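Asker: Read off the chains here:
2 protein chains.
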Amino acid sequence: MKLNQFARLTPDHATQVQELAKLGFTTDPTLDLTTLVRTNLPLLFPEAYSPTAKQQALANVAIDAHRTLVDLTQAEVTHISRVEFYAAVLQLLGFEPFTDYPLDDPLAFMAQTQLPTIAEDIDTPAAFLDALYLLLTTRTKHLVNYLDALATRGFFKDFQGDTPRYLFFNGKAQNVFDARQLHREVVWIESDLDTDHDGQRDLLEATIFRPLETDHGLKMPVLFTANPYFHGTNDVDWITHEPSTRVAVKTHSRTKTEVTAAPATPPVLPHHPVNGEAREAEVYADENGIYALNDYFLGRGFVTVYSAGVGTRGSDGVRSTGGQSETDSAVAVIEWLTGARRAFTNRTDGIEIKAWWCNGKVAMTGKSYLGTLAIAAATSGVAGLKTVISESAISSWYDYYRENGLVVAPGGFQGEDADVLAVDTYSRQKTTGDFLRMKPTWDQALAAITAAQDRETGDYTAWWDARNYRNHLANITCDIVSTHGLNDWNVKPKNVIKLWEGLRALPIHKKLFLHQGQHVYVNNVLSLDFTDMMNLWLSYELLDVDNGAPDQLPNVTVQDNVEPETWHTYSDFGRDDDAHQQQRVNLATGTTHTRASFADNATATFSAHHETSDTYELEIVKPDSLYNEDRLWLDLPAFDHQVTLEGTPSVHLRLWIDAPTAILSVRLVDVGPAQRFGPVAKTVEAAGYPLGFDYKTTTILEFAKAAPTASKLITFGHVNVQNQKNAYENVPVTPGEPFTLDFELQPTHLTLPADRHLALIIHGADMAQTHRPTAVTNYHLDLEASTLTLPLRLKA
Amino acid sequence: MKLNQFARLTPDHATQVQELAKLGFTTDPTLDLTTLVRTNLPLLFPEAYSPTAKQQALANVAIDAHRTLVDLTQAEVTHISRVEFYAAVLQLLGFEPFTDYPLDDPLAFMAQTQLPTIAEDIDTPAAFLDALYLLLTTRTKHLVNYLDALATRGFFKDFQGDTPRYLFFNGKAQNVFDARQLHREVVWIESDLDTDHDGQRDLLEATIFRPLETDHGLKMPVLFTANPYFHGTNDVDWITHEPSTRVAVKTHSRTKTEVTAAPATPPVLPHHPVNGEAREAEVYADENGIYALNDYFLGRGFVTVYSAGVGTRGSDGVRSTGGQSETDSAVAVIEWLTGARRAFTNRTDGIEIKAWWCNGKVAMTGKSYLGTLAIAAATSGVAGLKTVISESAISSWYDYYRENGLVVAPGGFQGEDADVLAVDTYSRQKTTGDFLRMKPTWDQALAAITAAQDRETGDYTAWWDARNYRNHLANITCDIVSTHGLNDWNVKPKNVIKLWEGLRALPIHKKLFLHQGQHVYVNNVLSLDFTDMMNLWLSYELLDVDNGAPDQLPNVTVQDNVEPETWHTYSDFGRDDDAHQQQRVNLATGTTHTRASFADNATATFSAHHETSDTYELEIVKPDSLYNEDRLWLDLPAFDHQVTLEGTPSVHLRLWIDAPTAILSVRLVDVGPAQRFGPVAKTVEAAGYPLGFDYKTTTILEFAKAAPTASKLITFGHVNVQNQKNAYENVPVTPGEPFTLDFELQPTHLTLPADRHLALIIHGADMAQTHRPTAVTNYHLDLEASTLTLPLRLKA
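Chains A and B, in that order, are what the protein sequence lines are.
Residue 2 is where the first sequence starts when you use the numbering used here, and the numbers rise one by one after that.
Residue 2 is where the second sequence starts when you use the numbering used here, and the numbers rise one by one after that.
Please note that the accuracy of each hint is not assured.
Any copy, or any two copies together, can satisfy a pair, since identical chains are not distinguished.
Below, in silico cross-link-like pairs of lysine to any residue (SDA-like), each with a Cα-Cα straight-line distance of 25 Å or less [claimed, not checked]: (1) Lys440 with Ala66; (2) Lys683 with Gln519; (3) Lys683 with Thr234; (4) Lys713 with Ala120; (5) Lys683 with Ala707; (6) Lys355 with Tyr50; (7) Lys158 with Asp287; (8) Lys683 with Phe414; (9) Lys440 with Gly95; (10) Lys158 with Arg181; (11) Lys158 with Ala279; (12) Lys683 with Ile701; (13) Lys440 with Thr53; (14) Lys440 with Asp101.
Hints in this document: simulated from the structure, not taken from any laboratory.
Bear in mind that the values here come from a model prediction, so they are computed numbers and not experimental data.
Next comes chain A alone, as it looks inside the complex (with noise of 0.2 Å):
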């Protein structure tokens, strides 16, 4: 096990002497040693709340086979070396001697651990504080730091007086407010958008959870989740997609210009007349909460507040999966919170609520299409939102449903494209007198996605570019988290590298965690401290602490895909400096062939072996494969060291074809016998990691090796043979007449062991993802005319 952490500070021995007495602990520098362990460690066990019952909880950690902290609170101190200190402590983190480490040796096991240790015995009163203060940041073995654990335990239930407080330690937020009792509020937010075309401005339901705490004049920041799913999802069997047995034929090429979306203009309309105020809501909010990262800052003293946007249950309007109108939805919820817009308490009255409780400052936060409207959000440039944590997001629709001119799936949904998304997440459908009184505008509003999204050629157009948040980039002042899976096929690499490198010139701060997973969240990965991470950064993004967050955390976090629980640090990730080399390898290399052909029959195999996407996924990165005769795998020369690929690769193809159109795909793969990390990580503890004191608790996970593979998919790509230049212009392809191909395959980050080396898979259509034509189409590649150039990084 490897606690790795980023987010402890060490402060000068003068503040955390400073941050140890706003706990309580005793820090008198005229005391003794003795003195200072007498009085201290029983503070360690909150749990236990009179002196006997301190003593008895003592006498259960021992310092070694014969004494226990008892023993050190009865008798003179005048030395606590470190071995029977750590002895003591990794009992204070949950772990167990015999079991985990040796009583008489557990120095060995915290630096195997990577726990934090002081250097020397403990001699001094100051070095006692030190340990201490060391011991209270260090991670246990549930997810959260010491002091965490202690607060679980009660260590601040009666921190609160009259009046609410915020305390921080080690530059975060602590658990001194109550996570149980929540003010849970549900309001109607005016938006300017009409998209249900009735004259009236949409309104937009939100929900709050809100500790009481604010009912006693503390204001206290927001964490907003833009949710469209927060209401439940609808059935889309009935709309989604057969895979197409053809490739069309393209006819129509595009400009620059006809691709390029026009800014929406807001309509006018009158504004719903304000008849009163209220102070508080007149609907509870039956939804739960649904980000356990969320739930975790609630007695931390942040507000979580949730929207699904327009055309979800309890608000107005129609979806547009990712138009401007979605953006434009969680945009209002900000400008509610932050005084700029108008909310009421139901949809008729005209009595206005105001976010009175909240001082102004909103950070946004969610997975997926929820950490894709936060990056929408984020491109308004809305006043108030500090920063966004957003996780496997999209950062441009196109780079979701469609790849240079093909439709293209996401992973795990083939056939889903935006209009199937868009019924998925329409959850007015669940209120069903709503949903009759406003059938026709629907089924008219789905049957415009249905056209515009063009499943027919898959191109780039307008209205795929009203969707591409990464034209706005430069409207972005909040700083910005991103995590994302090195494995995520779902939502792909690219969304998040391009939207990475489109921050690198912005004057904010930014962040990225790659990690092994796929689609997931990273909060409850054991491994990392994600979670205190970002408690350092909310901090200083919407409570002012001066606590150097931006300096603490490192730009780039990316985990190993060899070393289990081993995270690398970067300044940047594939940039084109002197840490990274692009190195070019040319497809006949290694082969005593110029030429090689396959005829893609793909389909056909797929079906006579009743193969999945699933199934299909696994099988078509096998060297010996279903798939043999329908591609062609090219073994790349070995390097004679380990070496780690970072970037963007990308190939340039010669090749020519029997037919007017075709797909091309290319999957790059690590080559070897091999245990890899699985695709999806294992319970460490079901409901180990506290949420708060007496409050929710959620599963710990790892990404962990499985069982031993050939070889593992580490990058794709996915072409229409039409699209040579660009995703809009279309160049016609004449049968046996060659032409070259140049695209980009996913971004990725991997190590790749001396003894495994890589491969290039050349196919024709994605079962998995693309269309699924039954004519066979023959390709006939020139190796030597072709290449596949490798981003490497060269140093750390």
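The hints should help you fit chain B onto chain A, whose structure is shown.
Answerer: Okay, now just chain B, sitting in the frame of chain A:
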């Protein structure tokens, strides 16, 4: 989906009206239908606090394609058709028109889902109130009843005034208390034991979750779970046994007297002195409750208590794996709860604390070891224990770790034994100081368990007899609810069925639930209203509600293994009466042979194929198996119609072998290609089941059909060929000399469709559960002299 419901009472109209009035509904008999509709429908939206918000909510529920509940509340109402009413009711229950049912035909869906409906259209005020009452007691799609769902949305949030009180509706305690705010207390109960031989009475830690309403004079009953795992478990790799490679020839045959346990004599010990008294504990309980059923009842006015017993963290003493000291530990908690025993606020000061908030009535709950201790405590006849809800429980530890003179592991836990479980649950190890002080005592106690369990012979001894709770069933005075999985090969069904048979003649109420799962709780299975039944039961047992629970609940409820979501009810299980018949099948029937032989070399087969216990258990029951040579497969004649097995099959086998001893196993298998239930219930909705107002949620599950298989294990049995009479007497076996074995398989309940048939597999060692002998043994069966007796249920 079928939402079976057994706990709904149908009181007379006057009672229904009276109960509705208690909830705050308008029931004045002088009012007309229009007024009743107008005043009562808005109450179904407790999350809406204002009239406008309620109108908003009413407008979302359609009664047909054009009208909603708002229209009903605004018109003169003289008639509401069943179709209109149930079109709306299904939406209230969480179903969706278009997705789940056609809006214009709700009644077909109601019938299919087994939801109750009123018989006639609503034309009178009385009919409306009847319909309203029925609605409130109808199941939603989220496991709870509709009134419970209203409670989770705040229906009762303002119910409590200055004097806390219970509310019962339809015979069940309602969610009128606040489960979020609890006293979490730890106390130490003084036992009569001294299992660590220090001359002091062992103090037993107990954890209490107590609703704050008890502070205001309300006395509450207790749901008590004796849970040895409550403070965690220890790593047992080092003590888990390797299955032996030989089967011992037994030399010491015991008599009945020798294997009869002497009653334990409690030591005479001084009491811990009492030096004072406190009303509140001085230690906060930092462990969370572990059973959703318990948590569910907190908001309904039940205190929950957990205690782990002797040898667990915080308690004195040593583990005994089901010994008298563990029974006494559980009983001691009940005695304290009912005022018959003292407890202290800490281990040393003598400050007594009474369970002053307890109404003197206790139920025990829990699964596996937990449910086992509930049965153990029941056999003490302790006063105040009114009922136990014992799930998947052991009724004799010999039936858990042994069988017919063999060491037979619990399924999934090859190599586990009593000493392994003792180490596993000796959580004093987690408090290192305490552990070190106790080490010599514990090492000695553990060595005694290892010796006494006797893995050499596997015979029944006085040590095992002391762990056979069925010896003391006559002492039971409380009512018993048992649940058990028909596919539970961990705690095998014999445990519950032999208990059931032993209880049959006792003047207590007893209820039996048999489900298609393995070793699992059944409280969150969607197709059964188990929690609601337990609410009826516990309201009757612990709160003196005169709800007729013993008559309302079926005696025996069995889940069908063919039809999903189908539960049969019976007055008894496997009884020797005219509903049942024993059918004897000669094993030569259907074969052309009168004899059959096999050579058991399964251990070699097992090793050669790198099998695990899990893969072995699937492989051995396949018609064509790796173990073909190591077994006999006897297809039994097919029935020409569907039959139901119910009870305990047995075999009478005539055979000889070429060794002085051997293991013999038989498996009864359901044969024929079919989709059968998978081993694990499927998640219907994660976090879909609300356990109270603004409180925890848990997952909703359902047993569901899995991929088709050719066969599935129904039941099995194992015997040591030397144990021809019973589990303690040994009969020498002479190689080549025939002998007879008569033994029972595990009890079962199985529907066998007419297109499937039974097969009996006869084999030697069971790689997953018995020793794994390496010597090859030859078995020669005299089929004509051998029979299988099948218990059939002939009628309902």
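Asker: So, for every hint listed, does it hold in this structure?
Answerer: Each hint tested on the structure:
{"no.": "1", "hint": "Lys440 with Ala66", "result": "between (74 Å within a copy, 11 Å between copies)"}
{"no.": "2", "hint": "Lys683 with Gln519", "result": "both (13 Å within a copy, 23 Å between copies)"}
{"no.": "3", "hint": "Lys683 with Thr234", "result": "between (27 Å within a copy, 20 Å between copies)"}
{"no.": "4", "hint": "Lys713 with Ala120", "result": "neither (43 Å within a copy, 62 Å between copies)"}
{"no.": "5", "hint": "Lys683 with Ala707", "result": "both (10 Å within a copy, 24 Å between copies)"}
{"no.": "6", "hint": "Lys355 with Tyr50", "result": "between (42 Å within a copy, 18 Å between copies)"}
{"no.": "7", "hint": "Lys158 with Asp287", "result": "between (27 Å within a copy, 13 Å between copies)"}
{"no.": "8", "hint": "Lys683 with Phe414", "result": "both (23 Å within a copy, 21 Å between copies)"}
{"no.": "9", "hint": "Lys440 with Gly95", "result": "between (57 Å within a copy, 21 Å between copies)"}
{"no.": "10", "hint": "Lys158 with Arg181", "result": "both (12 Å within a copy, 15 Å between copies)"}
{"no.": "11", "hint": "Lys158 with Ala279", "result": "between (31 Å within a copy, 21 Å between copies)"}
{"no.": "12", "hint": "Lys683 with Ile701", "result": "both (9 Å within a copy, 22 Å between copies)"}
{"no.": "13", "hint": "Lys440 with Thr53", "result": "between (69 Å within a copy, 24 Å between copies)"}
{"no.": "14", "hint": "Lys440 with Asp101", "result": "between (61 Å within a copy, 18 Å between copies)"}
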